[in-house]
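> Sequence:
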Amino acid sequence: MVNAYDLIIIGGGPAGLSAAIYGGRARLKTLVINKGAIGGLVNTTREIVNYPGYPQVSGPDLMKDFHKHAQSFGVEFVREEVVSVELSQEEKKVRTKKGKEFSAKAVIIACGSEPRLLNIPGERRLRGSGVAYCATCDAEFFNGEDVVVVGSGDQAIEEGMYITKFARKVTVIVLHDEGILDCNKLSAERAFENPKMEFVWNSTIEEVLGEDNVKGVKIKNLKTGSSSELACQGVFFFVGMVPSTKYLTDSGIEIDQKGYIPVNDLMETNLEGVYAVGDNRVKYLRQVVSAAGDGATAAVAAERYLEEVNVFNSNVLQSQKKVLLLFENALINESLEFGTLLEDVNRESSEIYKIVKVDMATKKNLAKKYDIKIAPAVVVLDQGKEIKRLACVLDKSKLKSELC
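Each number in the working numbering comes from the position in the sequence shown (counting from 1) with 5 added on.
Calculated from the structure, these hints are not laboratory results.
Incorrect hints may appear among the rest.
Stated by the list, open to error - Lysine to any residue pairs mimicking SDA-like chemistry, simulated, CA-CA at most 20 Å apart:
#, residue 1, residue 2
1, Lys251, Asn370
2, Lys369, Ser340
3, Lys373, Asp270
4, Lys251, Lys34
5, Lys368, Ser406
6, Lys326, Val316
7, Lys40, Ser134
8, Lys34, Asp66
9, Lys405, Lys373
10, Lys327, Ser406
11, Lys359, Leu336
12, Lys327, Asn338
13, Lys327, Asn315
What the hints assert, rightly or not - DEER-style ranges, computed between Cβ atoms:
#, residue 1, residue 2, range
14, Glu356, Val305, 21 to 29 Å
15, Asn148, Ser89, 20 to 28 Å
16, His181, Leu336, 22 to 30 Å
17, Glu339, Ser89, 26 to 34 Å
18, Val305, Glu86, 26 to 34 Å
19, Asp255, Ala396, 14 to 22 Å
20, Asp255, Lys34, 47 to 55 Å
The structure displayed is predicted, hence computed values, not measured ones.
By construction, the Cβ of each residue, glycine as well, lies at the ideal position given by its N, Cα and C atoms.
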């Protein structure tokens, strides 16, 4: 197939690009499918000061370096939006909005997240006409004007300070009591010292006012219940993010109530050969550095999974001999003894079987595939099809009779 790959990565943010670097370096035929500009939301970050090796760098510049690094290893990039996937089979399929279909044996989901909407009156209608979600993208359009920022986390306060470089005044609407912000202490101190920033405490936004453009906001005080209006020309919402995982509905991928994907330490999802990394997975820290680490882990895990699949297909499924798939545990003496006995019996029987050993500690996917929980265990295969299982007792005569 023209569109067949070893590894497909859905998403071109820091997690996806990191995975692409590792996939390309491992000489996997790797494809990154990204619906927007390479870099994702990091492109909206004006300044990054905590990525190792980069004392100060813009988000777009850092992502350009990631992109070039991946390209140097032969990684391919396609700018398309993924709308559906089939991930339950060994050969996974990914379909885009333009009707293209791509396939691979391993898929890494790195589609990130997007700004959460409050869905209050006027928010959607005035989006792009005063309502915004990215300071780096839109702050300059409010030069000399009054702007409202909704939210008090790191993003809200740091982006709010950036907006003060252009706006006449920035008013931050905060849910908490006076002096309490959700951001880090350093950003809070800098914000309180900024003469162009003001705060409205114990409050939330009820409505964005204006017909064709933002003219103001309606604010509700959560303690008194009273409402008031504040004139402004722009409203920036920084009230959290939601994972971009809607297209995975009915795909078989496990997703929690918030839309995030649970994974294990290897970034494995509940489906074999499918991994999730970055902001769309359940995790503690959502930063560029942690996303990059996720991508590296998933790509290495995917590489080993693909090697396992390829070796299994060639040594087992395509074997002309019947195969004894022996699942072993090196920490269990009985398992090792049985393996030696099985080899002796097969040798005495003119080696009519091919013995393929599986270390359960490292080949967990195969153990799961054949539902093997305890070693030793033997699955007898004929041209890839299971025909029986052995009792695995340390009795030479019984073992001979089972193999006849």
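> Does lysine 326 pair with valine 316 here, judged by a C-alpha cut-off of 20 Å?
Judged against 20 Å, a Cα distance of about 16 Å means the pair holds.
> Is it true that the CA of lysine 327 sits at most 20 Å from the CA of asparagine 315?
Within the cut-off at roughly 18 Å; holds.
> CA of lysine 251 to CA of lysine 34, is that 20 Å or under?
violated, 27 Å
> Does the Cβ distance between valine 305 and glutamate 86 fall inside 26 to 34 Å?
Since the Cβ atoms of valine 305 and glutamate 86 sit about 28 Å apart, the hinted range of 26 to 34 Å holds.
> Is 22 to 30 Å respected by the C-beta to C-beta distance linking histidine 181 and leucine 336?
violated, 53 Å
> Within a Cα-Cα threshold of 20 Å, do lysine 369 and serine 340 meet the stated pairing?
Status holds; Cα separation ~16 Å.
> Tell me if the straight-line CA distance from lysine 327 to asparagine 338 falls inside 20 Å.
Distance of about 26 Å is beyond 20 Å: violated.
> Given the proposed pairing of lysine 327 with serine 406, does the C-alpha separation stay at or below 20 Å?
holds, 16 Å
> With respect to the beta-carbon atoms only, verify the hint that glutamate 339 and serine 89 lie 26 to 34 Å apart.
Given about 47 Å between the Cβ atoms, the range is violated.
> Take a look at whether the Cβ-Cβ distance between aspartate 255 and alanine 396 falls inside 14 to 22 Å.
At roughly 41 Å between Cβ atoms, alanine 396 and aspartate 255 fall outside 14 to 22 Å, so the hint is violated.
> For the pair asparagine 148 and serine 89, does the Cβ-Cβ distance stay inside 20 to 28 Å?
violated, 43 Å
> Can the restraint linking lysine 359 and leucine 336 be considered satisfied, given a maximum Cα separation of 20 Å?
The given pair, whose Cα atoms are some 24 Å apart, is violated under the 20 Å limit.
In this structure, the earlier hints numbered 1, 4, 5, 7, 8, 9, 11, 12, 14, 15, 16, 17, 19 and 20 are contradicted, and the remaining ones agree with it.
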